[in-house]
Amino acid sequence: MRRIILNNPRKRNALSLSMLESLREDILTDVDSPDLRVIIISAEGPVFSSGHDLKELTSAQGREYHTRVFHTCAQVMTLIQDVPVPVIAMVNGVATAAGCQLVASCDVALASDKSTFATPGVNVGLFCSTPAVAIGRAVPRKVAMEMLFTGTPISAHEALVHGLLSKVVPEERLEAETLAIAQRVCGASRPVVALGKAAFQRQMSQGRDAAYASASKVMVDNLALRDGQEGIRAFIEKRKPVWSHRVENVHD
Amino acid sequence: MRRIILNNPRKRNALSLSMLESLREDILTDVDSPDLRVIIISAEGPVFSSGHDLKELTSAQGREYHTRVFHTCAQVMTLIQDVPVPVIAMVNGVATAAGCQLVASCDVALASDKSTFATPGVNVGLFCSTPAVAIGRAVPRKVAMEMLFTGTPISAHEALVHGLLSKVVPEERLEAETLAIAQRVCGASRPVVALGKAAFQRQMSQGRDAAYASASKVMVDNLALRDGQEGIRAFIEKRKPVWSHRVENVHD
Amino acid sequence: MRRIILNNPRKRNALSLSMLESLREDILTDVDSPDLRVIIISAEGPVFSSGHDLKELTSAQGREYHTRVFHTCAQVMTLIQDVPVPVIAMVNGVATAAGCQLVASCDVALASDKSTFATPGVNVGLFCSTPAVAIGRAVPRKVAMEMLFTGTPISAHEALVHGLLSKVVPEERLEAETLAIAQRVCGASRPVVALGKAAFQRQMSQGRDAAYASASKVMVDNLALRDGQEGIRAFIEKRKPVWSHRVENVHD
Chain A
12 MRRIILNNPR KRNALSLSML ESLREDILTD VDSPDLRVII ISAEGPVFSS
62 GHDLKELTSA QGREYHTRVF HTCAQVMTLI QDVPVPVIAM VNGVATAAGC
112 QLVASCDVAL ASDKSTFATP GVNVGLFCST PAVAIGRAVP RKVAMEMLFT
162 GTPISAHEAL VHGLLSKVVP EERLEAETLA IAQRVCGASR PVVALGKAAF
212 QRQMSQGRDA AYASASKVMV DNLALRDGQE GIRAFIEKRK PVWSHRVENV
262 HD
Chain B
12 MRRIILNNPR KRNALSLSML ESLREDILTD VDSPDLRVII ISAEGPVFSS
62 GHDLKELTSA QGREYHTRVF HTCAQVMTLI QDVPVPVIAM VNGVATAAGC
112 QLVASCDVAL ASDKSTFATP GVNVGLFCST PAVAIGRAVP RKVAMEMLFT
162 GTPISAHEAL VHGLLSKVVP EERLEAETLA IAQRVCGASR PVVALGKAAF
212 QRQMSQGRDA AYASASKVMV DNLALRDGQE GIRAFIEKRK PVWSHRVENV
262 HD
Chain C
12 MRRIILNNPR KRNALSLSML ESLREDILTD VDSPDLRVII ISAEGPVFSS
62 GHDLKELTSA QGREYHTRVF HTCAQVMTLI QDVPVPVIAM VNGVATAAGC
112 QLVASCDVAL ASDKSTFATP GVNVGLFCST PAVAIGRAVP RKVAMEMLFT
162 GTPISAHEAL VHGLLSKVVP EERLEAETLA IAQRVCGASR PVVALGKAAF
212 QRQMSQGRDA AYASASKVMV DNLALRDGQE GIRAFIEKRK PVWSHRVENV
262 HD
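Residue numbers (our numbering), protein chains in the order written: chain A, 12 to 263; chain B, 12 to 263; chain C, 12 to 263.
Derived from the structure by calculation, the hints contain no laboratory data.
The model shown is predicted, which means the values in this text are computed figures rather than measured ones.
Do not rely on the hints blindly, as some may be mistaken.
The list cannot tell twin chains apart, which means a pair is met if one copy fits it or any two copies do.
Calculated pairs, DMTMM-like style, for lysine to aspartate or glutamate (alpha carbon to alpha carbon, straight line, at most 20 Å) [unchecked claim]:
#1 K249 <-> E67
#2 K125 <-> E186
#3 K249 <-> D64
#4 K22 <-> D46
#5 K22 <-> E32
#6 K125 <-> E55
#7 K251 <-> E241
Chain A on its own, in the form it takes in the complex (with noise of 0.2 Å):
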């Protein structure tokens, strides 16, 4: 389990270039390793992060400057979706703009019901038109539409209920429900965990029919996994499995 925590409160945790490099790094650590099931990533202070650094984003940088913040952005997005083990963001507090973006992007969200979330770049000028390429898929159209065109937060519940996380608790439960979830993950095997979050990202890119074929290929490559074999063979003889946790294949 790693965890990953965002470390400059006094700045409320923008997400500067040298953040999202660091991020990047912090995610791609070692992220074929056996040993890591499980990225969580929280915060330390009362804003869990509040975007992209302005100071970064005016003239004087240059457009080429501005081109590396948000391809590094994105770089930073996609990756928590396309690394092999479940990502968890652990929000307890306000999360906007690229921070809401990055909230958006785990797979999988836990908040504290005091934290809300906004795209308030309307407001200074600048339309959270990439934060919108992760929230637009996470919570219905007018949903997102309201928040990009208004700025204005929502609260958990509602983000909840939008799709935006997956649970919120009150405050002093949420690292003991995250730390929860993280267990779960690493109870299963990770090579299996890999092969599903990747099959789900591909097939939800694919029309239904497209999906099914390549879905039901996995399932196929699932079951000569020596743990999808161990799996179902703990099941039927109704004992624990015992997970090798590496890619082979039960004819290897």
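Once you have looked at the hints, place chains B and C on chain A.
For chains B and C alone, coordinates are given in the frame of chain A:
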């Protein structure tokens, strides 16, 4: 109105290959008859369906057999969406893995408030990748992913809020409410419903402008149906329409 | 701020061809003027809109006329999403069929708590296939399908939970809450909002990676706008931004 009842409660209504084949046959029988207007799928016993029969998925059966199981399963699930009459799931109990996929695949789904829904395959080393095709298109992504990664069941109420179900009622009213919806569907013209159901599936897989082009043509075709004109005339004349339930055009 | 009021309550604000044409004209008038920042669509009387005028859809008018009706309707609905200013629906009453489609097509939608939403075409032999294009992209599939197959109305609260509405308020506060949201939108820079709205529609029709590529470029373009830089400078200098509302780049 056709009732299909999963009838192997001793095996938790597992979707074995033979159960899937029989389901496919039950759905297809006389599916083009003007007398068939709606199909209801329900189950005997406290488990709606526990999904695939794991005993069929051991390495003893081999890759070819596994492929056939998932191919048949995808056929049944897509058939439900492609037949010309609405298919209603009536769930009273636990629906897991491919059993949950079956609920997600139906056009309308009612459940008693004690029912629960889960994709626990990850716990037995077989990630619910094919159930995810149907569930990921029914509920928000993060809801689907938490179900898939943790295997934790969601309640009927959560399933309703997130779009997996159309209605949740107390157990004692489940049958009556389901029949009431089925009766409403039977009160409509069969070719009108068939045209609309097919158009819905098609346009949802298209981009917005192509969707409007195809759906607009469907509206014009619908108006050319004898039952389309009968409905509008009846409305204008303030009387009940008398449907032919046949695919006939006004000028045929 | 432009108010468009459906003003034929005696005919339940039916979207006749002439009503659709006048709606199209109202939306397009001066739509490129820097002074226009938001459009509000509301209605006189207890019915927001009952949808198409069925008297225009009898076989007497013929296929060509029907085609023109649905073509014009699709134009209006897509225009709402494509014009450079947000369009807000303010609903106080019943919105059915193409009337419900109109609500689903707006960027933001508020309704009084007594409002209801339905697609009852199936009951008069005309399945709501074109309304389904907008509604199927606003709410979960099963919610859309139950509405389409049964024609049963959903409440404003259900519409809110499922994403058809942005906000539900008591009737006496509907006007004030709608104007408050409209004012917020008017407080933002017009070219920033226009860029963001167009980017949202575009990226939502793309795959994730293409969406990030196009949205990232939009962010950089937004930063090159005079109003983009003014907003960021104002934020850093802790003052209110002064928008030009004009499409001008910093280095123009």
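Hints, verified against the model:
Taking CA atoms no more than 20 Å apart as the test, K249 paired with E67 passes between copies only; the shortest distance there is 16 Å, against 58 Å inside one copy. Taking the closest pair of Cα atoms, K125 and E186 come within 20 Å of each other only inside a single copy of the chain (14 Å); across copies the shortest separation is 29 Å, beyond that limit. In this assembly of identical chains, the alpha carbons of K249 and D64 lie at most 20 Å apart only when taken from different copies (15 Å versus 54 Å within one copy). Taking the shortest alpha-carbon separations for K22 and D46, neither the intra-copy value of 33 Å nor the inter-copy value of 37 Å comes in at or below 20 Å.
Taking the shortest alpha-carbon separations for K22 and E32, only the intra-copy value of 16 Å comes in at or below 20 Å, while the best inter-copy value is 52 Å. In this homomeric assembly, K125 and E55 come within 20 Å of each other (Cα to Cα) only inside a single copy, at 15 Å, whereas the closest approach across copies is 40 Å. Proximity of K251 and E241 under a CA criterion of 20 Å is satisfied intra-copy only: 10 Å inside one chain copy versus 62 Å between copies.
Hint violations for this structure: number 4 only, all remaining hints satisfied.
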